[in-house]
Structures are given as C-alpha cells and as structure tokens.
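Generate the whole structure from the sequences, applying the supplied hints.
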Amino acid sequence: MSKTEPPTGDLDTVFRECAGDLQSYFSRRHGGPEGADDLVQESFLQLARKYAAGRGISSPRAYLFGIARHVSLAFLRRREAAPERLDGVRDEPASREQPDPRAVAAREIIAALPPLQREILDLRFAHDLSYEEIATALGIPVGTVRSRLHHAVAQVRERLAMEDRSVSERTALRFKTYSRDEN
Amino acid sequence: MKTESLQALLIDRQLGELPTETLELLEAWLAEHPESMHEALQAEEAVHWTRAAVRCFPELARPDREPGVLQFRSHWSRWMPLAIAASVAALVGGAAWFGYRSGEQSGLRQAHPALAPVARQQVGEAGPWARYAVVSGPGGGLTVVRRDTKSSPQL
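So the protein sequences, as listed, match chains P and Y.
If you're matching positions, the first sequence starts at 1 in this note's numbering and goes up one per residue.
If you're matching positions, the second sequence starts at 1001 in this note's numbering and goes up one per residue.
By construction, these hints were calculated from the structure, which means they are not laboratory data.
Predicted model only: the values in this text are computed from it and were never measured.
Where a beta carbon is used, it is the ideal one built from N, C-alpha and C, also for glycine.
Treat the hints loosely; a few may be bogus.
Said to hold, decoys possible - With beta-carbon atoms standing in for the labels, derived distance ranges:
no.	chain 1	residue 1	chain 2	residue 2	range
1	P	Gly143	Y	Met1037	24 to 32 Å
2	Y	Ala1085	P	Lys50	42 to 50 Å
3	P	Ala161	Y	Ala1085	45 to 53 Å
4	P	Glu163	Y	Ala1028	26 to 34 Å
5	P	Pro114	Y	Phe1098	40 to 48 Å
6	Y	His1038	P	Arg79	43 to 51 Å
7	P	Ala81	Y	Ser1106	54 to 62 Å
8	P	Ala111	Y	His1033	33 to 41 Å
Below is the structure:
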C-alpha cells in the first residue's frame, strides 16, 4: 500500500514526508542524487504556490509526484537543448552486484515497454505509490494504471516461465547426456 | 473464473490494491480451488522479480533514453519529416516522369498510325451508294471515288 498520506495543506509535513522520496525519484530519472536537490526545491516551490493560491489538494503526495514529473521533463528538455549534467551524475546502474538472472530477464521485458508503462512501474515499485496516486501524478485514469501494470507483470511472468522451461530442458538434456556417458 | 481475471486479481492482491470484500471473496475462491495456487505463486513471483528489476536497474526510470532501443532513434525522429518529404517528392517526380513518357509514346503512336490495308467498301449493288467506293490513295489516305457500275472496271 502507499505510504502514510500527509495531512492536506501542511507544507512542512509534506516536505518532511516526501522530500526523500522526491530526491530518490529525481536521482533515478536523471542518474544522480546530488543535483536533484534543486529539482526537489523547485517542485516544493510549485506546490507552495498552489497552496498560496488557496487550491485544495486532496492527495499532496500524488500531486507532488505529478509536479515532479513536469519539473523533470522540463529539466530534460533544457538539457537536450543545451547539454548540462547534474552534479555527480552516474550513468551506470546504482548496484554493482551481479543481479539475479530472473531480474535481468525482467529488466529486458521492462526495457522494451513504452515509456509511460515504465513510468507506472517505477512509481509503483520504486516509490510505492498506489494506483490512485499514480493516476493523479500522471493524469491518467486509474483503470489505465491498473491495466498497464497488469500487462507488464503478465509479460514478466511469461518470460520467467519461458526461462524456467529452458532451464528444465537444459537440465534434462544434461542428465540424459550424463546417463548415456555412464552406460 | 477466467485465467486473465484471476491473474489480475492475484497481482492486485499482491500489491495490496484489493478492497477487503474482494480480497475475502478471492481467498474463499482460492480455498475452493487449490489447483489455482500454482497461478498465485507465479503471480507472486512475477511481481517480486518486476519489483526487483525496477529497483535494481534505475536506468529503466529515465525518460530521456529508451533502454534496449538503439540510441540513434532520436536523430532518426529528427530527420523523419525531411525523409518523408523527400520520399513524397521522389514519388511525385517518378509518377510525373512516367506519365510524361507514356504520353509521349502515345502521341507518337497517334502521329504515325499503322497504315490500314487497302480498304474496299462493299456496298449493296442496288443501293444509292452503289456507284461510290472508298479506296486508299497513292499518297496515303482514303479517297471516295465514283464509278460507273457498268462501264468502269471493278475496283
């Protein structure tokens, strides 16, 4: 389930609860943690403006992720126009450990998905947003979030089943070869 | 229950997105259908490895690049309108050239039609046109000649 929802309208609480999540969000999207501070600040500034305008926000966390997404896209557009890099940007994956082959197989499936579907997976599995929060952040219906996520997981599942079958076949073949050599 | 519906419910259950009533109904259904436990385990595993992959490979979250897709794609999309315009221009030019050539050949055929064999109009001997005949002239072309049916020789 999603994390505890901060009380509506309390910017300090929202900041305390969500600043870390937002930092992680920008780090993942842009490949580095340090320079993400500015983008976190920018996102909260925009949220503060909404509060100042007296706009009621039912789900600040989801709304904040929606703002963060726009801030991130604007940053990427600027970077595309005039290449600039976040401080301490890292191009390689955060983890240097040898990942599990099943995680690698799942990665291949996810990498081939459309950007929106990957974004849904990221918000769900890396930032623990609920379906409803993802829908608010991305501005799409909850049903779309659900169906895209189901589709992605179903594809991963098929791939894993295929991997299992191929492992079983290889084992059986090895066993057969071994038995023949023994005889 | 359809397999797709069951899988969707199992994923939602795994992610804690099922309302309590639906969750209870699903649990009861699974208890009555122990053969579906395999499906439940597979769904659980798929969710687990999807989560693991998303967390383990943060580059999947980057919107500025398409993991697994060749990097020249952005350049390709930039040149796409120009490529389409060039294709259309080539197509139109080719069609125009083909049309021009076809028309030219057709004009040649009309300017030099194959000479018709000597025609001889057979008309009724008793008709009002019996004394007239259409013959090809020495310089080409057709000429209408009048003949006397009794004195002049048969053409």
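Going down the list of hints, with the structure as the test:
1. P:Gly143 to Y:Met1037: 24 to 32 Å: Between Gly143 (chain P) and Met1037 (chain Y), where Cβ atoms are some 28 Å apart, the hint holds.
2. Y:Ala1085 to P:Lys50: 42 to 50 Å: holds (44 Å)
3. P:Ala161 to Y:Ala1085: 45 to 53 Å: Distance hint for Ala161 (chain P), Ala1085 (chain Y) holds at roughly 46 Å.
4. P:Glu163 to Y:Ala1028: 26 to 34 Å: About 33 Å separates the Cβ atoms of Glu163 (chain P) and Ala1028 (chain Y), which means 26 to 34 Å holds.
5. P:Pro114 to Y:Phe1098: 40 to 48 Å: Holds: the Cβ-Cβ distance is about 41 Å, inside 40 to 48 Å.
6. Y:His1038 to P:Arg79: 43 to 51 Å: holds (47 Å)
7. P:Ala81 to Y:Ser1106: 54 to 62 Å: holds (56 Å)
8. P:Ala111 to Y:His1033: 33 to 41 Å: The hint (33 to 41 Å, Cβ to Cβ) holds, given that Ala111 (chain P) and His1033 (chain Y) are roughly 35 Å apart.
The structure fails none of the hints (numbered hints given earlier).
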